[in-house]
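Engineer: Read off the chains here:
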Amino acid sequence: MLRYVIKRVLTIVPVILGVSILVFGFIRVIPGDVATVMLGERATPENVARIREQLGLTKPLYEQYLIFMGNALRGDLGTSVLRGEPVTQEIIRRFPATIELTLGAILIALVVGIPAGIISAVRRGTWFDSLSMLVALTGVSMPIFWLGLMLILLFSVFLHILPTGARLDGATRFEPITNLLLLDSLLKGNIGIFFQTLRHLALPAIALGTIPMAIIARMTRSAMLEVLNQDYIRTAHAKGLKERAVVINHALRNAWLPVITVVGLQVGRLLSGAILTETVFSWPGIGRWLVDAIYARDFPIVQGVTLFIAIIFVGVNLVVDILYAWVDPRIKFE
Amino acid sequence: MSAVAVANEQSEILAVLARPPRSLWRDAWRRLLSNRLARVGMAISLFFLLMAIFVPFVFPYNAKVDSDLVNQLTEPSREHLMGTDEQGRDVMNRIAQGAQASLGVGLSSVLIAVVIGTLIGLVAGFAGRWIDIVLMFLMDIMLSFPGLLLAIAIVALVGPGLRNSLLAITTVSIPVYARIARSTVLSIKEQEYVTAARCVGAPSPRILFRHVFPNSLSPILVQGTLGIATAILEIAALGFLGLGQQPPYPEWGAMLADSVKYLTSGAWWVLLFPGFAIMLTVLGFNLLGDGLRDALDPRLRVD
Amino acid sequence: MSTVWTKRLLVLLGLVAILATVAACAAPTAPPPQVVKETVVVAGPTKIVEATKIVEATKIVEVPKVVTATPPPAKVQDTFIFGAQGEPVCLDPAIITDGISGRVINQIFEGLVKFDKDTTNVVPSLAEKWTTSDDGKVWTFTLRKGVKFHDGTDFNADAVVKNFDYWQNTKNPAHAAQVKAGQTYEYFEAQFGGFDNDSIFAKIEAVDPTTVKFTLKEPQGPFLNNLAMFVFVFWSPPALEKAPVECANRKPVGTGPYKFVEWKANEQVTLEAFADYWDKANAPKMKKVVIRNIPNNSARLLALSAGEIHGMEGLEPRDVAAVKGNPKFKLILRPANTTGYVAFNYKVKEFQNLKVRQAFAQAINKKPIVDSFFGGTGQVANQFQPPALWGYNKDLKDWTYDAAVAKKLLADAGFPNGISKVTFDGKEVPLEFWYMPVSRPYYPNPKDIATAIAADWAKAGINVTLQTVDWATYLDKRKNGLLPLYMLGWTGDNGDPDNFVCYFFCMDAKDTPIAREGFVADKEVSDLLKKAAVTTKQADRAPMYQKAEQLIRDRVLRVFIANNQPPLAFTANVDGYIPNPTGTEFFNTVVVK
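Protein chains in written order, with the numbering used here: chain A, 68 to 401; chain B, 65 to 367; chain C, 6 to 598.
Please keep in mind that the hints were generated in silico from the structure rather than gathered at the bench.
Keep in mind that this is a model prediction, so the values were computed, not measured.
Among the hints, erroneous ones may be present.
[Unchecked claim] Derived BS3-like pairs: lysine-lysine, alpha-carbon spacing no greater than 27 Å straight-line: (1) C:Lys-372 with B:Lys-325; (2) A:Lys-126 with C:Lys-134; (3) C:Lys-185 with C:Lys-134; (4) C:Lys-335 with B:Lys-325; (5) A:Lys-126 with C:Lys-482.
Throw the hints in and build the complete structure from the sequences for me.
Structural biologist: Okay, here's the thing in structure tokens:
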């Protein structure tokens with residue numbers, strides 16, 4: 068097992084190296100000039116040349132890459148060109164917002180998706196099954212940015228019960244500790260902020276959680292159905308075991324392997340989705356920051372955040388793989 | 065076992081043998097048609113497909129001159145069933161005309177990605193060794209980015225527009241098909257009929273296309289249909305981020321993006337209808353794809 | 006089948022769905038979420054919603070007011086709180102260019118002269134009076150006596166000279182340190198020709214403690230207006246020397262009505278009244294001023310509506326009407342000082358033909374466009390300068406909108422079937438019309454406006470392809486003359502016509518066509534403007550600018566679309582806010598009743 072883990076961890080080293088080269092190269096070939104962004108309508112060739120010099124853009128490419136990687140390994144992803152903020156620090160400041168959003172989404176997806184899937188499977192063919200599978204089908208096909216807009220339209224614009232976006236009300240002042248506001252508010256014993264955060268989190272998390280929820284519900288249902296058709300389940304029934312015991316002790320235990328995989332696979336989808344969700348809900352996470360940076364061609368931010376997201380993504384897939392191998396003894400550790 | 069039973073069984077066997085051979089494909093088609101959700105999916109997909117093909121011909125539309133500022137943002141009425149947008153244009157008409165962009169990109173991106181991806185997968189799987197390692201390493205790197213992120217990055221690189229979105233979406237989906245094709249090759253390569261073909265001295269490309277390719281067709285067909293749905297979502301997302309179709313031409317995601325600023329003033333019609341069109345189309349192709357999967361691979365069916 | 010556990014699952018499902026949607030926790034005082042248990046069996050988030058309908062929202066604001074964790078500021082009206090669109094970049098006046106930093110700077114620092122109230126007339130500030138030599142090269146300023154910096158240092162001629170040295174001398178340690186840290190002295194460079202030997206200053210001397218003499222290499226028409234700009238204001242010299250290099254730690258010390266207290270990053274800047282302010286007649290009326298950063302436009306309006314801030318900038322065009330109609334609010338429009346235009350690139354062969362340009366101008370129906378996309382704060386522009394500038398030509402008549410005439414003009418120019426392809430730099434290419442990817446004061450919705458202009462053109466047979474690219478590349482392409490036909494605009498810096506017209510139409514000494522401006526090369530206009538720039542008397546200069554505007558219009562060098570008056574919103578109890586066209590506004594006159 069340990070050998071498998073080590074081997075699996077080692078395989079991601081070249082991948083991450085490849086990713087870093089791709090990210091670095093990508094950003095360099097994009098046309099448009101950082102120096103011009105900084106100077107705006109008043110850019111003159113002399114100013115531009117001076118800024119380029121300062122940013123080290125005049126050095127040869129491989130040298131720029133080595134500097135970039137050297138700094139990245141030390142945890143320094145450069146400095147934003149437009150606002151001068153250190154990218155790493157800003158990622159640390161903003162990523163909690165994205166984490167809170169994606170965790171909220173995955174939580175909704177799990178606690179709604181799994182039970183819905185189990186019930187649908189157990190009560191196959193009932194109205195509940197049809198309804199939840201219809202919802203799941205629609206959910207899978209949902210453009211999340213549209214769902215987000217519709218939720219805002221309904222709950223904020225027409226019903227006035229939930230805010231349109233952001234993590235806190237505009238005028239609220241709150242000094243966060245970890246920037247995971249749900250945690251911080253509890254740590255500080257400020258229950259008002261806790262509920263305010265929840266209210267702000269509700270719509271974005273639903274919007275982002277819908278697709279994974281639908282996929283998880285469908286996957287759980289089909290995994291359960293497959294298991295429920297197995298002989299040992301029939302044996303268990305024949306033994307006179309209660310329905311509940313059969314489902315929980317026998318069926319569920321065997322059905323959750325494919326479910327884990329599917330949950331793991333949703334991480335990429337959630338990170339993609341976060342880009343759109345954060346845009347719709349003015350959510351101050353790294354997704355929206357990235358989009359803004361792409362529009363503004365703020366090289367260091369785009370570079371840093373893309374690399375960061377890719378590493379997170381690769382890392383989560385690695386964890387899922389290891390977890391999978393750990394729970395399923397049938398996987399050979401070759 | 066009684067003699068009668070044996071006779072019956074024999075006659076049954078004879079009857080089966082007497083029937084014309086049913087091909088895998090005809091069988092699958094029949095299964096597809098018997099699936100209610102798949103029929104719904106087919107109907108929806110067909111509806112939007114026909115819309116994309118015929119509306120621009122039957123109702124020629126010149127997006128360039130379409131503007132009527134006096135009627136800016138009017139609510140749905142008899143005259144404009146889905147209301148008008150910020151330029152005073154009819155929303156329903158723009159949705160119908162916009163089908164071409166969404167479905168056009170959806171279909172062609174999948175077609176191109178399937179061709180390139182399959183080719184890469186087949187070559188990697190068949191050639192093995194370092195070619196396999198290099199190709200799959202490249203695919204792995206691409207898969208190390210969330211799809212939409214990579215698509216956004218590519219569009220940021222080559223500039224916005226429908227054609228560039230097509231390029232981005234195609235590129236992003238290549239690895240999926242490459243992987244499918246490769247894994248089919250790997251599972252088939254060692255099977256007897258391929259070994260046999262090799263022993264007979266059939267050249268590699270021939271084996272590739274006569275034996276291996278047809279076998280990877282059905283998973284690719286399923287993935288492709290579902291891929292159309294994903295592509296339509298992605299083109300809409302790019303349009304929504306302002307990176308896809310450019311004005312004044314209609315595209316659903318871009319229509320939504322133009323309308324976001326009217327969210328708080330309650331102009332719901334410019335937000336509701338284009339998004340609904342996206343969802344319905346995607347739902348159609350998803351249902352069809354699910355149906356195809358059930359039909360083509362009976363082993364995958366759970367009920 | 007036993008259904009007990011499935012029911013429990015349903016309950017669980019419902020409970021968590023509710024916890025997640027959190028409709029129930031409207032206010033901290035609301036019952037904790039377990040109260041919803043009994044409704045849970047319905048298992049949908051929709052049911053719970055009714056219980057939570059709380060405070061009804063005001064007309065304009067989409068989000069209800071929610072009880073906030075920290076109570077709004079005490080109702081003692083000794084503080085004026087302004088909601089800004091973003092974070093100041095830096096609080097050192099010399100190295101900033103943005104209005105958000107500028108607003109803070111204006112309260113803390115003062116210069117020799119300033120813009121008067123809501124005009125761009127230059128009036129004395131720290132200089133009492135000034136004289137200029139006949140050749141316009143020597144300016145002598147008499148400084149006000151008894152002025153003190155916030156740190157107690159006396160303001161005198163020496164301080165002025167030291168500040169100018171900080172701006173223009175690249176060897177000045179403070180200057181060099183900033184350049185090393187990546188900062189630029191952009192405005193100084195733009196307005197005064199450059200640094201060291203490039204600057205227009207031959208000599209700057211402290212004749213005596215209250216007299217400063219500037220000797221220029223050649224006369225500069227807009228010299229006073231340049232000096233009045235918000236960035237040419239004075240640091241207390243000892244404070245400047247001691248200030249750390251990093252922007253965030255530079256504590257600004259000037260002579261202004263309010264002194265700096267603290268800058269909380271991403272939150273607010275706090276200022277307090279300066280007791281020893283020299284201008285007793287205009288002493289600050291509030292004890293404290295807070296400039297709060299609320300980036301989201303809706304959130305800011307919500308905060309205004311809740312009384313948490315007293316004034317704000319960055320009102321969405323669509324919200325203007327609602328603010329105007331609500332007695333709770335006061336809408337103030339900043340006098341128009343912006344012009345949005347459509348520019349031709351003269352490398353396009355077709356645009357060298359006056360008839361073609363005239364057709365483009367006459368095919369745009371400006372009025373409906375301005376009415377539809379400026380939220381009622383825009384006005385149709387017929388020349389480059391906004392009406393408030395003294396070089397504005399009141400008698401100028403705009404080209405009338407007439408698609409038929411435009412078509413005929415095109416036909417006369419040799420395009421009977423309209424125009425959709427052009428010869429750009431020797432190659433035949435589709436005619437692209439470039440629009441800006443970002444909202445600017447002169448074009449709040451560039452994409453919508455461009456779409457409408459393109460539709461107007463299409464109706465007259467001009468078929469353009471709409472194009473955009475990210476803002477940086479856009480400016481880059483424009484700078485290098487690569488955009489065949491594009492949209493852009495200008496916000497005036499200093500109220501001098503030179504800052505508008507000459508920046509765009511003056512060619513260099515060798516009369517090279519300006520790439521930045523689409524290779525526009527009208528020698529007559531350029532010479533006229535250059536002459537106006539070195540003329541020092543306003544009475545002599547005004548007719549020159551008016552004539553230049555007439556020539557620009559007659560030759561359709563460019564098509565001007567609109568002037569915008571950026572809207573500001575205040576609560577009804579705010580008085581004395583005077584909007585200046587350049588955005589240089591002083592809060593000492595503001596009262597919150």
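Engineer: Enumerate the violated hints, using their earlier numbering and listing them in ascending order.
Structural biologist: 2 and 3
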